[in-house]
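Chemist: These protein sequence lines map, in sequence, to chains A and B.
Residue 7 is where the first sequence starts when you use the working numbering, and the numbers rise one by one after that.
Residue 352 is where the second sequence starts when you use the working numbering, and the numbers rise one by one after that.
A portion of the hints provided could be inaccurate.
[Unchecked claim] Chain A is faced by these chain B residues, among others (derived, beta-carbon under 7 Å):
hint, residue
1, 453
2, 457
3, 461
Simulated from the structure, these hints should not be mistaken for laboratory data.
Cβ coordinates follow ideal geometry from the N, Cα and C atoms, glycine included.
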Amino acid sequence: MLKGRSLLEPMDFTMDEFEEVFTLAEEIIAEPERFRRVCDGKILATLFYEPSTRTRFSFEAAMLRLGGQVIGFSEPGASSVAKGESIADTIRTVACYSDIAVIRHPKEGAPRVAASSTDMPVINAGDGGHQHPTQTLTDLLTIRCERGSFSNLAVGVCGDLKFGRTVHSLIKALSRYEGVRFVLISPEELRIPDYVRKGDLVKNGVEFKEVERMQEVLCELDVLYMTRIQRERFFNEADYIRLKDSYILDAEKMKLAKETMMVMHPLPRVTEIAVDVDDDPRAYYFKQAKYGMYVRMALIMSLLGLQGEEQR
Amino acid sequence: MIVDSIEYGIVIDHITAGFGLAVIDQLAIDKRKNTIACIMNATSKKYGRKDLVKIVNVVDVDLAVLGLIDPNATVNIIEGGVIKKKINLKLPDKVVNVIKCKNPRCVTSVEANAPHIFHLVDAESREYRCEYCDDLITVKGDYGHENLR
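The following block holds chain B by itself, in its conformation from the complex (with noise of 0.2 Å):
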């Protein structure tokens, strides 16, 4: 199989097998209009099975979802055909609508409009706060999450 290589644009290399759809939908790109690769169950030396996603013509994604569900994932930026940028990944101070809290008592199961917000508390164990009810959860670089969206 082949999957020419990008002049201009975004490739997301060593998502874990198996969640390459995902990460195309947590980045909200619009697939009307870009044009998007994803590579499922490659051979990855590092890990023996790997996702893999080309975005053309857009280097400007919001990475910070990729840092909390897939902190594994690289990030390459390329111009003229050629990396111009490794990103690496880090994990977002600040979720909006990604996690959901999970406690009953949060204004949040009842709220239906009120945006899930969290904080992160300590990168090192992952933890992040809820804004609202302040209670607070572990996300370990997880797609199936059962606190995600």
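Chain A on its own, in the form it takes in the complex (with noise of 0.2 Å):
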């Protein structure tokens, strides 16, 4: 049972639960028109202390297009946090005029002090370079419906695998599924956390490897996951210039891969991906996008615990 839960990070739910999650988004994407008032009278509060444009219009779009109304900021300098609120406070008061929160912040572990705040649902739509798991729904919603299964899957992640919030909840929530085995492309710099390492690979059992150079293991994957070199989290330009584009992605490159691999991005992107890959039918990165939506109208649902009320 969803209902009244929180999702700070994909192991809050168990792969059933996810199922039933994606389940649901699928009965969306059939037919949206069943699902079109369920969130009548409910009001979702975004709480966007960093910039989004696909989370939050996804997230906002998702609450209309299920009926309900959506309140919030996008940018923290035009609320009460500019005053010095704590994410305490500034929750406890968002609980009493919303029913459900998603909240994007800086910092690591900010959704969990804002769930821990109130009774409210509360959903991390990213916090720093930690986590952010409904963009893992996103990404595993797209696998699933263009691939149909998720077990036995290699799978190559590229890029940003230190601060890469979508990485790290990716990685926890396929590390569940059978077979799936990771391969890890990034500068040594940018290394996955250890945390991840040992707390979801290791521990697990999960076959992963570790290299630098994405043209030597582009053949051997079905899903490449390409991620920007985020400006935002590194404290120090120079390191950020020297590493930003150390993977590019482009046609010439893909004719390295198999006929079928999937390219997948969270976006946004900036150089990692060539556009000369955008027409090329394994680029799945914009369908990623709409799934988004239609999993994050799931998951409103599901924690409002209004799944099937209309027309069941």
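Grab the two chains, each in its own frame, and use the hints to assemble them into the complex.
Modeler: Okay, structure coming up:
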């Protein structure tokens, strides 16, 4: 039962609960009109302390398409946060006006502080370089709808694996599926943090290898998950400039990949995927963005306990 | 120097020399109500020098912190003037406001009232994980550890 719960990281939900959300998302994709008034009278609060395009728009679009309303801020300077209000106090106040909240924050663990300060469901929409569980729901729904199954996939994850919150959540979630193995492609400085390596991969006996060159492993991958080198996570601009163009996937490199390999990216991209890959049928990153809205509709409904209220 | 034996209470022995007062601090005993003796730099066959703390009329102090910062210390519960029970210290599964997260990206660096919560990951390597940012730290039985609050 997901009603009343929060989603702060992927392991907050069991595999069966993931399945429940995906099944509902597929029902919404098939017949969106059945769900257009499900959230009538409900309010979603969006607390974005960091810039966002896809995540915020997709949450807002999701709630509006379910017949609900949205309040919130996309610029903390326009709220009492600018006066130094704590996260705990902000969420307690927001809970007086809304039924469910989405929070994005540059500090890692901020959504956990929020969730522990209210009984209202809280959704982590990205906390620093830590976790981004709803992007993972998006990624998994994309693979499920386009590929059918997660089992026995060889998943290449490329780019900023140290600060890449989408990567951390994806590895956590996929580590639970049978036969999944990871190829982690990054410069040495941007390798996955110890808590992911030890806590998710080693602990669960998941097969993985860490390499620095993309070309040498492309032929063995079923999914290539590209990520951006994130300027905003670096304390040192020189380090960012040195590493920002470490990996660029282009049409030439795509020739080395399987005909069935899926290229995915949480977006926004900068230079890491050349535009000449966009027309390749193996490019799935714009489809991902659409799946993101549907899976967030399913998530909002599930956490509000509104699953199937209409026409069932 | 003579410190009387106690009838009922707790004796924490083999504390690393120089840290007896820190132990009293960490145990958060009400110093206004309880009689406490702290013997510093006593001779120890095992360690050369040691500190020792005796607390009268208290046997239920939270020893989790002690297990974290001084696993070599020994704890004796005294009843009727004799040792009733010896307690083996172990690492606590969860510690609150004992270890401080040093990750500058962690929310605890800006949210002043958020408790610093750590969970034991691996007892052998004495590794703990921050509840908020998942940062891992190793606490090696050290009063001066940089992560101790």
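Chemist: All the hints need checking, so say for each whether the structure fits it.
Modeler: Tested hints:
1. 453: violated (13 Å)
2. 457: holds (5 Å)
3. 461: holds (6 Å)
Hint 1 from the list above is the single one not met by this structure.
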